[in-house]
Amino acid sequence: MKETLLSISSLFGDAVTVYKNSWEASKSDDNVLSIVSGLHGDQVNGIYINSLLTRFMNRVACGQEPDFKLKGRVQIFPVINMQAAQSGTHVWSFDDLDVDLAFPGSDKGEVTERIARALLTHTADSTHGVILKTADPLYEDAAHIQLVDPDRTTKKMAESLGLPIARKLPDSTNFKLGLFGHWRENDIPSLIVSAGKPQALDRSLCDSLFDNLVELMVNTGVLTVPGNKKAVAKLQIYAANAERPIMSSQAGLFVAEARVGGFLQQGQKLGEMRSIATGETLEEYAAPVDGYLVTLRHYPVTFEKEVIAILFTNKKPGFWPF
Amino acid sequence: MKTQNIASHKNPLGGSIEIIKQTFTSAQDKPVKRVSFVAGLHGDELEGVYLCHRIIATLRQLKATRPQAFRGEIHVYPAVNPAALGSATRLWPFFSVDMNRKMGDKNVASLPAEFARSLIEDLQASSDIVVDFHASNLHLKELPQIRIIEEFDKKLIPLAALCNMDVVWVHPSAPVFESTLGYNLNRKKIATLVVETGICLRIHQDYCEQIFQGMIHLLRQTGVLDLADPSPEIKQPLLVHPKQVALVQAGHAGLFVSDVALGTQVQKGDALGTIVDAVRGEVLETVTFPAEGLLFTLREQPVTYQGAPLARIALKETL
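Residue numbers (the numbering used here), protein chains in the order written: chain S, 7 to 328; chain F, 41 to 359.
Please keep in mind that the hints were generated in silico from the structure rather than gathered at the bench.
Fair warning: there could be bad hints in the mix.
In silico DMTMM-like links for lysine to aspartate or glutamate, alpha-carbon gap of 20 Å or less [as the list claims (entries may be wrong)]:
id: 1; chain 1: S; residue 1: Lys311; chain 2: F; residue 2: Glu161
id: 2; chain 1: S; residue 1: Lys311; chain 2: F; residue 2: Asp145
id: 3; chain 1: F; residue 1: Lys50; chain 2: S; residue 2: Asp217
id: 4; chain 1: S; residue 1: Lys311; chain 2: F; residue 2: Asp162
id: 5; chain 1: F; residue 1: Lys50; chain 2: S; residue 2: Glu289
id: 6; chain 1: F; residue 1: Lys308; chain 2: F; residue 2: Glu322
id: 7; chain 1: S; residue 1: Lys114; chain 2: F; residue 2: Asp162
id: 8; chain 1: F; residue 1: Lys308; chain 2: F; residue 2: Glu332
id: 9; chain 1: S; residue 1: Lys77; chain 2: S; residue 2: Asp217
On a predicted model such as this, the values are computed, not experimentally measured, just so you know.
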């Protein structure tokens with residue numbers, strides 16, 4: 007069922023709207039999974055994954071996926087920052103405000119504040135929350151889970167997604183302004199799935215994450231399948247001190263050679279920096295230690311002392327399950 | 041004047057991006073106070089950048105003619121977000137990052153975060169008092185004012201009163217402030233005044249002149265500058281607390297049109313403006329002031345959505 011959460015009229019075009027798609031088995035079941043994408047307008051992988059999930063859930067609701075039965079409630083919020091999504095930008099140029107720094111928002115405030123408040127209100131009764139995002143502008147992420155100081159329930163939830171890699175983010179003041187921080191504050195077990203790069207659709211990556219999210223629905227009990235729940239894969243959780251950023255010491259055009267999502271051996275080449283003026287190679291980058299390449303710069307124009315890549319090292323990984 | 045680069049990164053075309061700091065040393069071995077002026081955290085806010093120019097030019101002349109007047113130390117950081125200033129955007133280009141939301145966060149590895157760290161560390165090491173100049177965003181125009189978070193009001197109000205402002209607005213804290221320069225420095229016990237004036241992408245010389253006089257007065261009253269000539273008279277700001285500020289918001293989407301001047305003393309029921317439908321040629325809303333007071337914020341960007349702020353007034357009587 008499509009439901010409009012917020013509609014703010016505009017003088018010159020369509021109203022600014024935020025909507026959700028939801029499917030509910032029974033009012034009495036309090037198991038509610040909320041999946042949010044499009045907090046930033048340039049993060050299209052999440053928007054696409056939520057379109058796949060919407061199609062799938064419609065089929066489940068119509069009995070066209072006979073193996074799956076809806077037990078709780080699933081809510082999908084496909085495009086939160088519609089104005090930015092329509093212009094292909096990270097934030098909406100009208101106010102340059104980041105929706106994900108506008109929580110808890112206000113129902114009497116400006117557009118961005120109202121969007122934040124509407125989303126928070128409509129996810130307040132969630133028992134599980136997932137935010138789909140990509141890497142920050144200029145970077146590409148391997149598909150991984152992001153957590154902040156996760157409790158046992160959240161770790162189990164992360165494990166049930168079936169992705170092999172998770173990253174513990176250090177707590178930040180900016181989390182207090184974001185959806186994720188507010189979910190955590192309200193004790194909603196929640197996680198962020200980051201995959202791919204902004205302004206680009208990676209269909210195979212999205213197809214794979216779609217499968218993971220269906221697995222999560224089953225493992226969290228909002229969907230049931232005949233027989234036992236699927237066995238979960240081992241999840242490797244990397245703490246912040248296991249991250250190894252590789253920085254540029256030259257400025258120029260960064261040309262990547264490695265690809266995110268694989269383990270690199272010490273010395274394996276990541277890419278090189280070339281001079282824009284002469285085309286000469288200024289610097290080569292290699293993995294300083296063995297590690298998993300989780301983030302790689304994809305935008306070539308690079309300043310000195312910028313992050314080229316982030317490796318998860320095997321220094322102090324945490325293992326789950328327990 | 042001593043020029044330093046407190047952060048410098050090479051850019052891809054062979055130049056560099058840097059934060060420059062201009063220092064005017066004290067004539068005494070031990071400066072009485074160290075005062076720093078910061079501008080350009082948002083790259084489209086140019087009032088502060090111009091103010092720094094005025095301050096640097098005046099201090100250079102003073103240093104050349106009356107070096108003994110410098111009893112304290114003065115640092116001026118005129119353009120702390122050079123990437124954004126170069127493209128006249130609020131946010132750091134490429135990353136769409138607000139540099140004034142990166143303060144105090146030690147864990148983020150990115151160019152804006154690195155610059156933010158360098159700036160805050162340098163200010164911390166070299167300041168007793170900091171003035172952080174801001175203009176408003178593209179939507180609102182502000183009378184010269186200082187904004188103070190409630191928890192720091194006792195220390196900051198006496199300093200703010202020296203700065204020739206129209207308004208000193210004490211407001212409650214909120215999480216959004218926790219990653220700003222002002223909040224983080226005040227938490228570190230460095231008295232930091234956040235100035236808001238004018239509107240972005242413009243320079244209002246009258247406002248800048250008023251604030252410039254206030255900054256010189258601040259330097260004199262804190263003992264940093266010892267000048268024999270009489271100090272010009274300065275404004276006593278209107279001190280307002282949260283319940284003394286009324287916000288007027290748009291009830292409709294449209295074009296907001298107003299001919300009221302910022303700084304006007306308004307009465308309850310006076311016309312603020314209209315919101316019109318430009319497509320159908322209709323007046324959607326006639327907006328009036330809800331109470332008597334000083335109009336210190338006024339919308340300049342006409343396009344409104346419902347809820348858009350149109351004006352703020354400092355009330356004569358608490359609501």
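May I ask which of the numbered hints given earlier this structure violates, with the numbers listed in increasing order?
Numbers 3, 6 and 7 - these are the hints that the structure violates, sorted from lowest upward.
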